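Enquirer: Residues per chain, in single letters:
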Amino acid sequence: MGGRLPTRVLRWVVLLGFATLLAGPFVWMAITTFKRTTDLYDVKNNPFLFNQPPTLEHLRLLFKETLFLRWFWNTTLAGGAVVLITLLLALPAAYALARLTGSWGQRLGIGIFLTYLIPPTLLFIPMSRVVAFLGLQDSLWSIVLVYPTFTVPFSIWLLMAFFKSIPRELEDAAMVDGLTRFQAFLQLVIPISFSGILTVVIFSFTLVTQEFVYALTFISSAQHQTVGVGVPIYLVRGDVYFWGSLMAACLISSLPIAVFYNLFLDRFIAGFTVGAVK
Amino acid sequence: MGVTRRDRVLGAAMFGPALLYIVALVGLPLALAFLYSVGDVKVGSVGYHFVGLANFRSVVQSPNFRGALWHSVVFTVSSQVLVIVGAQMLALALRDRFRGRNAVRFLILLPWVAPISVGAIGWKWILDSIYSVINWGLVRLHLVNQFDTPMWLGDPKLAMLSVILVHTWRLLPFSTVIVLAGLTAIPRDIPEAAAVDGAGFWRTHFEIVLPMMRPILNVAVLFGVVFTFTDMTVVYILTRGGPYDSTQVLPSLAFFTGILGSDLAEGAAISVFLVPILAIVAWLMLRVAHRAEVV
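Line by line, the protein sequences are chains A and B. So for the first sequence, my numbering puts the first residue at 1288; every next one is plus one. So for the second sequence, my numbering puts the first residue at 4; every next one is plus one.
These aren't lab readings, by the way, just hints derived from the structure by calculation. These numbers come from a predicted model, not from an experiment. Treat the hints loosely; a few may be bogus.
Unchecked claim - Restricting the straight-line Cα-Cα distance to at most 20 Å, the calculated cross-link-like pairs of lysine to aspartate or glutamate (EDC-like) are: (1) B:Lys160 with B:Asp248; (2) B:Lys45 with A:Asp1425; (3) A:Lys1331 with B:Asp151.
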């Protein structure tokens, strides 16, 4: 463990270099958040130092005078609804593929996997017509309807692998005791799959917060937007960028998701590696 | 293990709702995308007339489209090369357990985890024409003249470079964790045995570790290509395709034509050009999945 000294030095050089490049923008967001505007806009100042005392003015502006909280609420609401729909559709479907469809399950599973290669930028034009046809344009419900198109396939794929790892004997024993297969699924399989379900909840929710194209296409008024579109598009008035508040919003909308995501990373990777790693 | 008839019926009932949803909201729009691309639909128009390949003809002849196709290729290939090289370096550095590994991993993952639209707006501030913090550093290091600093998003060449680098920034963490998963799955004694036999680090890496990681590298590249070729968020936020359409890519052109320009048919025709790439990726992905099951 640890390795020889030159290896360790080289490792830290690589890591610190990349960490600076990758996390640096977030540090810069944090500095900008607390800097006075006059300090930000003085090109003679060292941008990394607080040449004037820090301020909470940008945060006040963000929470009091913009729709940021509204977007936050919209995102949470849409995220919650999408998670619910995703679980209702993906849980039974994944169980069916894992246990009840025999060799068909394998093929259908691969088919499901391939649907998450179909990107929003291929579907958004016809989808805008579908949304209009259903009378959902400029409503938060348009994205609640559409977002499961990418959360459901991904969740089925994740849950299918999860259910396959549960020993069959468990359900067989329960069925000998008089439960039907569906009861065994509800009363046994779902409770012991709690961690798999939690993973699906976290990832569906993060995918909702990260989506940009559909929300930009379907929702045209600022008050119905999500954080992902509201912050970069509607926090800019005309050509005026309120950089302090903008960076505060970026930071606030990134960090909580990052913490959650990190906790469930390994499962998420398993969903992407298609079995190329055992 | 056989599946009984009752199980089959229950299986169909449990899989049905998800299948119905996917057919209605992925299958149908996909079919409509093709249908629109050979029709004459505009926003607000009623009725549909088949126009054959007219949309494709007009699209292919437009210099905007040719430019966007070329930019998409440049954007995808350059960022994928950077991502794969960077991801391998990072994965090698992260392979062993050491103190602080989790903290470093958290920092490195940030760009992937944060909403990309929000990360991109952060970069827009970093690359600002007047207050760019990068330019401040370059001036301080006397690398550029204070009165003639680079216009990162205003100069066509630099704008393309910026878009590529920001997308690389975004995708690098994702590829790193995938490559890392492949790397940690290789039994440690194999490279160690090679080292004992006298093979140096690079020789071990290129002749033993890399070939063993082939499947996982394929997966990382395939997803990377899909995420890059079909992405319009970075371009939309940083440059809106400008200056002078120099960073316009296929998805953003489809958006400007089909959604903002209300020409659904031509927009659909442009986005249908994404399909061949996606089909190739899907086919390669199936081969990877198939092999993984055989092994």
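Enquirer: Each hint needs a verdict: does it hold in this structure or not?
Expert: Do the hints match the structure? See the list:
In summary, the hint linking Lys160 of chain B to Asp248 of chain B is supported, as the alpha carbons are separated by about 11 Å, within the 20 Å threshold. About 19 Å separates the Cα atoms of Lys45 of chain B and Asp1425 of chain A, which keeps this hinted pair within 20 Å; it holds. Proximity of Lys1331 of chain A to Asp151 of chain B is assessed by CA-CA distance (about 15 Å); at most 20 Å being required, the pair is judged to hold.
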